[in-house]
Amino acid sequence: MTGLEIVFLVIAALTISAALMVVTTRYLVHAALWLILALFGVAATFVLLNATFLAVVQVVVYIGAIAVLMIFAIMLTRKVMRDSGPQMNPRWGWAALVGVALFAALAFVFTRSPAAGMTASDLVAGADPVVELGQALVSPNAYVLPFEVASVLLLAAMIGAIYVAWKK
Amino acid sequence: MGDPITLISQWFTSLLLGWGLAEGLVTVIRLFLGAVILATISMLTVVALIWVERKLAGRLQDRPGPNRAGPFGLLQPIADMIKIFTKEVLTPAHADKVTFHMAPVIFIASVLLIWVVVPFTGTVVGANLNVAVLYIVAVGAFGVVAVLMAGWSSNNKFALLGAFRAVAQMVSYEVPMVLALMVPVLLASSMGLNDIVNAQSIWFVVVAPLAALIFLITSMAEVGRAPFDLLEAESEIVAGYHTEYSGMAFGMFYVAEFLHHWAVGALLATLFLGGWRGPGAETWPVLGILYFYIKTFIGYFIITWIRLTLPRIRIDQMLAFNWKFLTPLVLVVLIFTAILDKVLETNGVGGWGYALAMLALNAAIGWATVLILKKIEPSRQRQRVEFPPRPVAMAPKSE
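Protein chains in written order, with the numbering used here: chain A, 1 to 168; chain B, 169 to 567.
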């Protein structure tokens, strides 16, 4: 076992246990803090894959924006402290089934993808991955349409939020 | 000879390899030691900075500043340190203990992590990341999380209010800050800080003065010092998110704030003032460190000067200034810089011609902004609020 594999196992264990704590802890704010740790673990996994851009964006977007917004929303609600209700609802079996099916589908896709047998250093061989990503996002042969559609969607969401919050 | 740090690092590596250690292990040890030294130097800088800041504050406010302990009061920070080390670290009743004690550690880590990507000179940089600019924004996110943790876990209304204010401020000022950071990235066509420094044969403060100004303002808000210190406004919410901290736990917030302030100076120097560049810095990298520190101090001095001159702004002013003024302005600057950059590039204009065209563009945008502000301002009437007169003191009602 190489040093990199040990580091990966530690990070993976940390991420999964943090994710478990998110759904099992009874304090909402603690759940949000554990979620931050889980998201940070994902960012660390991206670093191990030499995907620095994705790692940094993961931290900026998921920790800096989404998690902070969630904590903000939780603190403005009443159930800041302990939640004493039952943690499972009667249909947990179906949820577990969907979860397992999703995991199986993702695992199937990943093992079939051309990147499955490659090591981290092979993945970024060649040009600067940030430049390639940037060009792919605006190239008409690649992802320009999804990119622009996502921008329009975000704009619509913003206008909707302003409309909802507007003083009538 | 001109590059002692690389020389020491090479000597150390060959020494460890000579002892028969594996090459991977040697790299790990070297990087770990480098990180320890970098963090220690950053922390020790703060000791000097506390004296500099207090002395500056004193002179700018027409008083001597610390002048009792040692020559020119130089030993004052040492005395302060001893005092703060010996104080008890209190935990408030019903506080969330683990979160409470973790918050200052994460806060100071978020500031120390900035120094990883700052190039001290051409050859001395912690990690030459290709996404360094975005990385700086990312580690700032941990600071926001730490403030929220501190404010919530203290079990104190004032701390929670301070945390809310802090997060509102840090999250909103991040928007124009990131957009302003995109201008040097655009000009250097790289997100690596060393590449940005190398691209500054003409300093970016000349090419993009508006972006530099907006970065200065927004990063002052990120640090949360006056005039943006409403997150710890003494007269309103005691001390904001660190109300309940005492002893070294408070000391860590204090040190992190100073270090963040200094780091903003370093980023300003690196992104806009040419970083370590200067006469002879390429052949003598050790000179680069000197230039870098001088430029960092210039940025640091400007921020301190503003902080000691301006009064605190209100929370509505803080938000309106960000969303109605800075964000639209920086969007205009970014779009026009990108267009002009492309136009000049296709016409083959480089060097000083390029810089002067960009400077003219910035001047035009600045002039237009002033004109628009002048047009808007007279039409906005301030609402006059009249309160019924009330006596200063009233006798308690007799039962």
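Simulated from the structure, these hints should not be mistaken for lab results. Errors might be hidden in some of the hints.
[What the hints assert, rightly or not] Some chain B residues close to chain A (C-beta under 10 Å, calculated; not the full set):
no.	residue
1	189
2	191
3	194
4	196
5	263
6	267
7	298
8	308
9	319
10	321
11	339
12	357
13	358
14	499
15	503
Computed from a predicted model, the values in this text were never measured in an experiment. Glycine included, each C-beta is placed from N, C-alpha and C at the ideal position.
Quiz item: Does the CB of residue 358 of chain B sit less than 10 Å away from some CB of chain A?
Solution: The hint holds - residue 358 of chain B has a Cβ within 10 Å of chain A, the shortest such distance being about 9 Å.
Practice problem: With a cut-off of 10 Å on the beta carbons, see whether residue 499 of chain B makes it to chain A. | Solution: The hint is violated - residue 499 of chain B has no Cβ within 10 Å of chain A, the shortest such distance being about 14 Å.
Exercise. Would you check whether residue 298 of chain B satisfies its interface hint, that is, whether its CB is within less than 10 Å of any CB in chain A?
Key: Constraint on residue 298 of chain B satisfied, holds at 6 Å.
Quiz prompt | chain A contact restraint on residue 357 of chain B - CB to CB distance below 10 Å | solution = holds (9 Å)
Self-check item: Supplied contact hint for residue 263 of chain B, tested at 10 Å Cβ to chain A
Solution: violated (13 Å)
Quiz item: Does residue 196 of chain B pass the interface hint, meaning its C-beta sits closer than 10 Å to a C-beta of chain A?
Solution: holds (8 Å)
Practice problem: Verify the interface restraint on residue 267 of chain B: the C-beta must sit less than 10 Å from at least one C-beta of chain A. | Solution: holds (7 Å)
Exercise. Return the status of the interface hint for residue 189 of chain B: holds when the least beta-carbon distance to chain A is below 10 Å, violated otherwise.
Key: The hint is violated - residue 189 of chain B has no Cβ within 10 Å of chain A, the shortest such distance being about 14 Å.
Quiz prompt | Restraint check, 10 Å cut-off on beta carbons, for residue 194 of chain B near chain A | solution = violated (13 Å)
Quiz item: Against chain A, is residue 503 of chain B within 10 Å by beta-carbon distance?
Solution: Hint violated; residue 503 of chain B Cβ to chain A Cβ min 15 Å, cut 10 Å.
Quiz item: For the hint on residue 191 of chain B, does the least C-beta distance to chain A fall short of 10 Å?
Solution: violated (12 Å)
Exercise. May I ask you to test the interface hint for residue 339 of chain B with respect to chain A, counting a Cβ-Cβ separation under 10 Å as satisfied?
Key: holds (6 Å)
Consistency with the previously given hints fails for numbers 1, 2, 3, 5, 14, 15, ordered from lowest to highest.
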